[in-house]
Amino acid sequence: MTKKSDQQRQKIIAVSRELFTEKGYTETSTREINERAGIAEGLLYYYFPKGKRELLDQIVHEGVADRIRIAEDMTAGWTRENIERDVIGLFENMWRLLGNGIGYQEFIITIRNRAMLSDEQSAWLITSFDHVQKRVAQRLFEITPAEVTPEKATQLATAIMATFQKVIFDELLIRDNQALPAKTHDFIAGQIHLLMKLI
Numbered sequence: 001m002t003k004k005s006d007q008q009r010q011k012i013i014a015v016s017r018e019l020f021t022e023k024g025y026t027e028t029s030t031r032e033i034n035e036r037a038g039i040a041e042g043l044l045y046y047y048f049p050k051g052k053r054e055l056l057d058q059i060v061h062e063g064v065a066d067r068i069r070i071a072e073d074m075t076a077g078w079t080r081e082n083i084e085r086d087v088i089g090l091f092e093n094m095w096r097l098l099g100n101g102i103g104y105q106e107f108i109i110t111i112r113n114r115a116m117l118s119d120e121q122s123a124w125l126i127t128s129f130d131h132v133q134k135r136v137a138q139r140l141f142e143i144t145p146a147e148v149t150p151e152k153a154t155q156l157a158t159a160i161m162a163t164f165q166k167v168i169f170d171e172l173l174i175r176d177n178q179a180l181p182a183k184t185h186d187f188i189a190g191q192i193h194l195l196m197k198l199i
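Counting from 1, one number per residue, gives the positions in the sequence shown under the UniProt record's numbering.
Bear in mind the hints are in silico, worked out from the structure with no lab data behind them.
Careful: at least some of the hints might be erroneous.
Below are the DSSO-like pairs computed for lysine-lysine, each with C-alpha atoms no more than 30 Å apart in a straight line [claimed, not checked]:
#1 Lys52 / Lys3
#2 Lys152 / Lys183
#3 Lys152 / Lys197
#4 Lys183 / Lys134
#5 Lys166 / Lys134
#6 Lys4 / Lys50
#7 Lys50 / Lys11
#8 Lys50 / Lys3
#9 Lys166 / Lys152
#10 Lys52 / Lys23
#11 Lys52 / Lys4
#12 Lys4 / Lys23
#13 Lys23 / Lys50
#14 Lys166 / Lys183
#15 Lys134 / Lys197
#16 Lys11 / Lys52
#17 Lys166 / Lys23
#18 Lys152 / Lys134
#19 Lys23 / Lys11
#20 Lys183 / Lys197
#21 Lys197 / Lys166
Ranges of calculated distance between the beta carbons of each label pair, as one might list FRET restraints [unchecked claim]:
#22 Gly190 / Glu147: 18 to 24 Å
#23 Ala189 / Lys3: 41 to 47 Å
#24 Asn82 / Ala123: 31 to 37 Å
#25 Glu27 / Glu147: 51 to 57 Å
#26 Met116 / Glu41: 20 to 26 Å
#27 Glu32 / Lys197: 50 to 56 Å
#28 Ala146 / Thr2: 54 to 60 Å
#29 Arg69 / Ile111: 19 to 25 Å
We put the beta carbon where it would ideally sit given N, CA and C, even for glycine.
Produce the entire structure from the sequences given, and follow the hints as far as they go.
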């Protein structure tokens, strides 16, 4: 694919992401995507032969890949001495990913269109969450093997991810806060502090 073709493809994805966030998947027509992207009728199908469904797949898949990448990058440098700060840092990075721009759009699209997701897309979401949770458990065990069994590391990782998930859903979906309130950050820090006392 040429550079211009790749740019055109990325523009179609970006416009679709915006429209799916604003209007929802089912309420967005391919004509609207074409018009907003400034492309000729039918060009969308050149890049995405399955139309909107393929675009939704691409958007969901990119969001999943971003979350996995961040978890891998963030947990790689965890140390025993800074574990509490490291776990809070993971939350802060996940919040930055989901609370702003493209990450926020992907999050809203995924939640709003949950019923429209294919089995494959649903599996991506489950796999991404499980992957992040397993990665957290693995790193907790690796840096505290004398204090934490693999089972305890898994339990801690489950509690950490449940806390993250609650805050993210409460703030982004229920309260519609894209900026993390200081009191919510303090809540996360307090919860992580309590959990890290179990190590």
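Subject >> Unsatisfied constraints (hint numbers, rising) >> reply: none
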